[in-house]
Amino acid sequence: AQSVTQLDSQVPVFEEAPVELRCNYSSSVSVYLFWYVQYPNQGLQLLLKYLSGSTLVKGINGFEAEFNKSQTSFHLRKPSVHISDTAEYFCAVRPQSSNTGKLIFGQGTTLQVKP
Amino acid sequence: EAQVTQNPRYLITVTGKKLTVTCSQNMNHEYMSWYRQDPGLGLRQIYYSMNVEVTDKGDVPEGYKVSRKEKRNFPLILESPSPNQTSLYFCASSSTGTEQFFGPGTRLTVL
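As you go down the protein sequences, you meet chains U and Y in turn. Take the first sequence: its position 78, counting from 1, is numbered 78 in the numbering used here, and each next residue is one higher. Take the second sequence: its position 82, counting from 1, is numbered 82 in the numbering used here, and each next residue is one higher.
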């Protein structure tokens, strides 16, 4: 079985400051990793994904994440946040061998960007 | 425009009154799923479908039914809703089972 832990439920940060949202996972098999963003009253939008290859993955809106297999982590970073980045962020994994398409989600991290 | 649509977006109902939430995708995707989102729990899969007439339970299927008679549609049925099914529901689809595309969500309140 797989599980995902997002280590912070809320992250307050000032505009133009850097931010890191932490995600650890547990799995006995290889997984694909994802970060999704949910803006208020909207559905989930894919920020970035790691399927294979380079462990540093760049996504939309200036976000990037680094896959660390030894630490089973996939932390999300942005060097300078904007007010518009205020949203809830979800880390998710999917076993590479799965044919169900099921994503296992973390609990979510609310990013609050203050002026 | 490629998209997943859900209807209704908001629904308030009473215990025991059957309801259906529709989901439709225009991307010719084989995989479709339903998730529910609850505070502090993230999203949990209710049911999924790998293709027409092929459906299976996810992690929290109790109290829900689905059907997949056409590739584009995957309705979620609550035969006898209860207050513990008050939640935010998302439909998702994908072609390979990796990247999933999500609908805008349906906020359901069961009184």
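Worth double-checking, as some hints may not be accurate.
Stated by the list, open to error - List time: in silico DSS-like cross-link candidates among lysine-lysine, alpha-carbon distance up to 27 Å:
id, chain 1, residue 1, chain 2, residue 2
1, Y, K18, Y, K69
2, Y, K57, U, K49
3, Y, K69, U, K49
It is worth saying that the hints were derived from the structure and are not from the lab. Since this is a predicted model, take the numbers as computed values, not measurements.
Against the structure, the hints come out as follows:
1. A threshold of 27 Å between alpha carbons decides the hint, and for K18 (chain Y) with K69 (chain Y) the separation of about 20 Å falls inside it, so the pair holds.
2. Proposed proximity of K57 (chain Y) and K49 (chain U) is supported: the alpha carbons are some 25 Å apart, at most 27 Å.
3. A hinted pair counts as satisfied when its Cα atoms are at most 27 Å apart, and K69 (chain Y) with K49 (chain U) does not qualify at roughly 31 Å.
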